[in-house]
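Please arrange chain B on chain A, whose structure you already have, making use of the hints.
For reference, the chains in residue letters:
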Amino acid sequence: MKRRDFLLLSAGALAGCGLHPGVALRRNAPGMAEGHALRDIRSLPPPSAEIETDVVILGSGVAGLSAGWRLASQGYRDFLMVAGPEWHGNASGALLGGTPCPLGAHYLPIPGPAATHVRDLLAQMGVIEQGASALKPTYDERCLIHAPEERLYLNGQWHDGLIPPGNTSDETAQIKRFFDYVHGLRGQAGSDGKRVFEIPSALSSQDPQWRALDQISFAQWLDRQHYTAAPLRWYLDYACRDDYGANSSRVSAWAGLHYFASRNGAASNADDDAVLTWPDGLNPLARHMAGRIGADRLLPGLAAHVTERNGRADVLVWQPQQRRTLRIRARKAICAMPLHVAAHVVEPMRALGFDTRDHMPAHAPWLVSNFVFDQFPAEAQGVPLAWDNVVYGSNSLGYVVATHQLIRAARPERTVFTAYHALAEHTPEAGRRWLQQASDDALYTLASSDLAQVYGWKLWRNASRVDFTLRGHAMAVPGPGFLGNAGLAALRAVDGAVQFAHADLSGFSIFEEAAWWGDVAATRLLQG
Amino acid sequence: MDRILILSVFVVASCGLAYELIAGALASYLLGDSVLQFSSIIGCYLFAMGVGSHLSKYVKDENTLGAFVEIELLVGLIGGLSTTLLFLVFAWASAPFRSVLYALVFIIGVFVGMEIPLVMRVMNARNAEFKELVSRVLTFDYLGALAVSLLFPLVLAPHLGMARTGLLFGVLNAAVAVWTCWCFRNSIPQLAAKLSRAGLVLLALLTAFAFSDRLTTWAEKGLFGDDVIHAETTRYQRMVVTRWHDDLRLYLNGNLQFSSRDEHRYHEALVHPVLATLPWAKRVLILGGGDGLALREVLRYPNIEHTTLVDLDPAMTTLFATAPQLTALNKGSLKDKRATVINADAAQWLESNSEVFDAIIIDFPDPTNFALGKLYSVPMYRLVQRHLSQNGLAVVQSTSPYFAPKSYWCIDATLREAGFHTWPYHTYVPSFGEWGFILFASTATYRPPERYALPMRFLDAASTRLMFQFPADMQKVDVEPNRLNSQSLVHYFEDDWRNVQR
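If you read the sequences in order, they're chains A and B.
For the first sequence, the numbering used here assigns the number 2 to the initial residue and increments by one for each residue that follows.
For the second sequence, the numbering used here assigns the number 541 to the initial residue and increments by one for each residue that follows.
Since the hints were derived computationally from the structure, they do not count as laboratory data.
For each residue, glycine too, the CB sits at the ideal point set by N, CA and C.
Errors might be hidden in some of the hints.
What the hints assert, rightly or not - Chain B side only, calculated, beta carbon under 8 Å to chain A, not exhaustive:
{"no.": "1", "residue": "R638"}
{"no.": "2", "residue": "Y642"}
{"no.": "3", "residue": "L852"}
{"no.": "4", "residue": "F910"}
{"no.": "5", "residue": "L915"}
{"no.": "6", "residue": "S917"}
{"no.": "7", "residue": "L1024"}
Claimed, not checked - Distance ranges between label pairs, derived from CB positions:
{"no.": "8", "chain 1": "B", "residue 1": "A771", "chain 2": "A", "residue 2": "G457", "range": "40 to 48 Å"}
{"no.": "9", "chain 1": "B", "residue 1": "I882", "chain 2": "A", "residue 2": "R412", "range": "43 to 51 Å"}
{"no.": "10", "chain 1": "A", "residue 1": "D79", "chain 2": "B", "residue 2": "H961", "range": "47 to 55 Å"}
{"no.": "11", "chain 1": "A", "residue 1": "A135", "chain 2": "B", "residue 2": "P995", "range": "49 to 57 Å"}
{"no.": "12", "chain 1": "B", "residue 1": "A884", "chain 2": "A", "residue 2": "Q207", "range": "54 to 62 Å"}
{"no.": "13", "chain 1": "A", "residue 1": "D297", "chain 2": "B", "residue 2": "A884", "range": "33 to 41 Å"}
{"no.": "14", "chain 1": "B", "residue 1": "N795", "chain 2": "A", "residue 2": "A231", "range": "50 to 58 Å"}
{"no.": "15", "chain 1": "B", "residue 1": "H961", "chain 2": "A", "residue 2": "G132", "range": "44 to 52 Å"}
{"no.": "16", "chain 1": "B", "residue 1": "V575", "chain 2": "A", "residue 2": "Q437", "range": "47 to 55 Å"}
{"no.": "17", "chain 1": "A", "residue 1": "G132", "chain 2": "B", "residue 2": "N795", "range": "56 to 64 Å"}
{"no.": "18", "chain 1": "B", "residue 1": "G590", "chain 2": "A", "residue 2": "P413", "range": "42 to 50 Å"}
{"no.": "19", "chain 1": "B", "residue 1": "T908", "chain 2": "A", "residue 2": "R187", "range": "33 to 41 Å"}
Next up, chain A with everything else stripped away, as it sits in the complex (with noise of 0.2 Å):
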C-alpha cells in the first residue's frame, strides 16, 4: 500500500466512525426493490402453474391479516394468503441481539366498545381476560404498558407524561381549554346519533355540521380557536406526526380531533387511557393471527397484476425468491395491498370508480431505527427510563425502549430502544427521494437526532448496532378533504370479485381501521 493510499484510507476511517465509531449500521427497505421492479419491469416469467382457490388475500399485513383470522375463526377454509413484500406489514418485528423489537407499528390504545373487531381478537389472545363486550373489560396488565409509561425531556430534564407546560399562565389556560374541549367531544353525537368520533372511522356520525371540519386543516382550525400556545402546537404537531405522519398543517382538522376525541376504551383494572404494546410493537398481534389462518395457507410472493375475467378473480403472483410465477384463480380477490401499489397491480382501478390522479392519497414516508445497545445508557435528571421517551421541540417523535415490558429487578444486560421518524418536514415524495439516496451517516444524524441530544457521546459508547427500516410509503396521510374522497368511498363500497382491505380506505393508518377493513372483508364473503 503507498503512503498516499493509506492515508486516504485512514482519513476514511476516521471520517466514518467520527459519528458512530463501532456501531455497526443496515438498512432495509421492504418492499422498495419489489414494488419498483414491479413498476418498471413489465414483463414477468410466464406463470409455472395454476391454482384455484375460493378467496385469496393479497397481502399480510394488519388488514389482510384481519380478515383471514376472522374467516379461520369462522371455520372457513378454502383460502389463500400471498404475503406481499413484507411479512406482516407496518406490523412487523425483529430480533436484534436477542431481543425482540417493533419495525412499524409499536402500540395500541385499549379498544372502546365500538371496536368489537379488536376486541374479539384480543379475547381471543387472552389479552382481554374477562368481558370483552363490557364497557370495562379486564386486561392482562402484562401487555399495557408498565409505570413509568411517557416522559418529554425538556430544559435537560426529563418530566413525566407528554404534554409540555405552558411558559405563561395564558398559554397554560389554553392547553387546559384544548384537552377539556376534546374530552367533552369524546361523548358528542351527531345528528344522527352516532359519535362524531368514532374508532373504527366508518361508524362515526355523518352529521354534515361535524364533517365539515374536513374542509380546513387542523392548524387552520387550531388558529381559528386561538390556540397559538407554542408547547400545545408543538405537542399537537407531534401527535400528527406520530398518528398521520404530518404536521397539523398538512392534516384534516376532523383527522387531528379524531385523535383525541375518539378514543373511549377503558379497563376494569387499568387508567382510561391505557396502551397496549409487546417488546416487538403490534407483532404478536400480526402472529396469532398468522397462527390461526395456519401456515399452510401463507404463500411467498406478491400480486403482480388483478383482474376480473368472467366473474372471477384472475391473480399473477410473483415469486422472485423461487423466480417463478403463479395464476391464482379465485371467485374472490381481497387486495389488502396500499392504494399506491393497487394503482400498478389492479386492472382497472379506474373502472372501480378510483382515478389514481385525483383518488390517491399521499403516503407518509417513515424512518424507523432499533439502536441495540450493549448497556443502558446513564439518564439525565427527572423522571426515570420509560417506555416512550420523547424531546420537546424536536422533529422526531422519541424512541420506545423494548425491554419495558420485562419483569425484571436488573436491568438486562442489552436492550433496542427503536427510535422513530416520520419524514413531515419534507412533502411525501420529497422524504422519499432523500431516504433512497441517503448515505449511512445521513440515515444515522436523522435517526439518532433525539438520542443524541439526550445521550450525546455515550449514545454510540453503548450502541453496538443500529437497524434502519426504510418505510417510504408507511401510512396514508388524512389531509384535509379526505373524507370526501369519491375513489376511496367508491373502493369502501365494491363488491365484485376483487375487493379491497386496508387501512388506505380510511384514509390514515391505525391497526384498529385496518383490521375493521379486513373484518368487514370477510365479513362480506361469510354473509354472501
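Showing chain B alone in chain A's frame:
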C-alpha cells in the same frame, strides 16, 4: 538547627503522602473502581503540589519561616479534618461528594507543595551548601514517604481507621509548626499569635480525634463507623458488610438488610409461620435472600428435602457462601447439599421454569423504584401461583405496616387481586422497627401455628398470636392493588417514607 528542619521535612513528607493515600483509599472505598480513584486522586494531588511549588515563589524571603509555620497549621487543620469531613458529606448527600473530595485534595496538595520549597529556602538562607541541601531534603522527603506507605496499610488504617489516621497526621503537622516556632522563636514575627493559633488547631484536631467514632457513627447512622469487613460494588448493587463487636451488618446500597443481633427475629418470623404448619412440605423456593439466613431457618426442618434459592447477585451468594464470619452466621446454608443456589432475575427464572414448590418465601428489597415495584405486582404473583402447590403456602416481606401502611396494605390488596387468600402479620425487629409480612395461599385453610416443634429464639405461642393481630394504630388502610400500568406501590412507598423521614 538544620537537623530540626530535616526532621520536620521527614514528618511533613509523611503527612503529605498520608493525605494522598487516605483520599485515594476513601474514594475507592466509597465510590468503587479503585484504579480510577487512585490514579485521579494522585494526579490531582501531584498537580496541586506543582501549583503550590509555583506559588511558593510569591512568599517574601523575610517571611519564609513564618509562612512555613502557617502552612503547617493549615495543612494540619484541613488535611486532618478532611477524612471526617468527607465521611460526613458522603453520609448526607453523595452528589457533591466527588466535588468536595477533589477540592479538598487540591487545596491540601497546594499547601503541601509549598512546604518543601519553603524549607529549602529557609535552609538556603542559613547558608547551607546547595548540593548538600538538595540531597538531604529530598532524601528525607522520600524516606518519610516510604515510612507512611508502609505504616498506612499495615498499621494505621486497620487499627485507627481512616478518620483517625487523618487526624493523627493533622496533629503531626501542627506539632511541626509548634516545634518550629519554638526552635526559631527569635526569628519568627508575631510568635504569640502563631502559637495560640497552633493551640487552637491542636485542640480542634484532638477533640475530633476523641469524638471521631461518635461523629462518623452519628453521620453514617452506624454505616461506616463500624469496621468494614467487606465492601464491593457489583453489577447490581453496593454491598457493605460491617462489624462492631459481635454485631455483623449487611448494607445494600446503603440500606440495612440485617443486623446479626436481631436478624433471628426477622428470619424466624419470615419462615416459621409457613413451615411450622407444613410438616409434609418437601420442596421450598426462596426468592431473594442471598444472605442465606432465611435458608438457614428452612434447612432446620428435616422434612425439607430440597430448597432452591434464586438471588440476582452472584457476588452476594458467593460472599455469604465463603466468608467465614458470614457462613458462621448462616450456618453454611448456601453450601448445604439440600440447597441449590441460582443467580437469576426472579421473574425471569419463574417464567422459564416449571418446578412446583410446597412453600415459597419471598424476600425482595423494598419497592423503592419501578423495576423493584414490578416484583410486587399482580402478574408477578400470578407467576408465583404457577409454582405453588395446591395446598402450599407462601410469604412475602412487605415493608412496615407502621411506617409504610399504604405500601403494606397495597401488597396485601395485590395478592388478593391475584386470587390469593392472605394472612397479614407483623413483628418488632429492633433494627427495622415494626416490620410486616403477608402469608398467602390459594386455599383459605391456614391457621397460624400454636406451637413450634423446633426450638426458637424468638417465636412462641404468645408472640405468634400477637403477630397476627393488628392494634388500633396499624389498622388496614384502603388502597389500590399494585398494577403494572400504574405501579401505585412505588408511589405509596415514596409517600409513606416521605412522611416518616425528616
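Tell me if B/S917 is really an interface residue toward chain A, meaning its C-beta lies closer than 8 Å to one of theirs. Interface hint status for B/S917: holds (7 Å vs cutoff 8 Å).
Taking the least C-beta to C-beta distance, is B/F910 closer than 8 Å to chain A? Constraint on B/F910 satisfied, holds at 6 Å.
Could you say whether the range 33 to 41 Å given as a hint is met by the Cβ separation of A/D297 and B/A884? 39 Å Cβ-Cβ, so the 33 to 41 Å window holds.
Determine whether the Cβ-Cβ distance between B/T908 and A/R187 falls within the hinted range of 33 to 41 Å. Since the Cβ atoms of B/T908 and A/R187 sit about 37 Å apart, the hinted range of 33 to 41 Å holds.
Can you verify the interface hint for B/L852: is its Cβ closer than 8 Å to any Cβ in chain A? 6 Å, holds
CB-CB spacing for B/N795 and A/G132 relative to the 56 to 64 Å hint: 41 Å, violated
Interface hint outcome for B/L1024 [beta carbon to chain A under 8 Å]: Result: holds, 4 Å to nearest chain A Cβ.
Outcome for the supplied range 44 to 52 Å, where the beta carbon pair is B/H961 and A/G132: Once the Cβ atoms are compared, 24 Å apart, the range 44 to 52 Å for A/G132 and B/H961 is violated.
Go ahead and decide if the range 42 to 50 Å is satisfied by the Cβ distance of B/G590 to A/P413. 46 Å, holds
Range hint 40 to 48 Å (beta carbons of B/A771 and A/G457) holds or violated: Violated - the Cβ-Cβ distance for B/A771 and A/G457, about 31 Å, lies outside 40 to 48 Å.
Taking 47 to 55 Å as the hint, is the beta-carbon distance of B/V575 and A/Q437 inside that range? 49 Å, holds
Whether the CB-CB distance between B/N795 and A/A231 falls inside 50 to 58 Å: 44 Å, violated
In this structure, the earlier hints numbered 1, 2, 8, 9, 14, 15 and 17 are contradicted, and the remaining ones agree with it.
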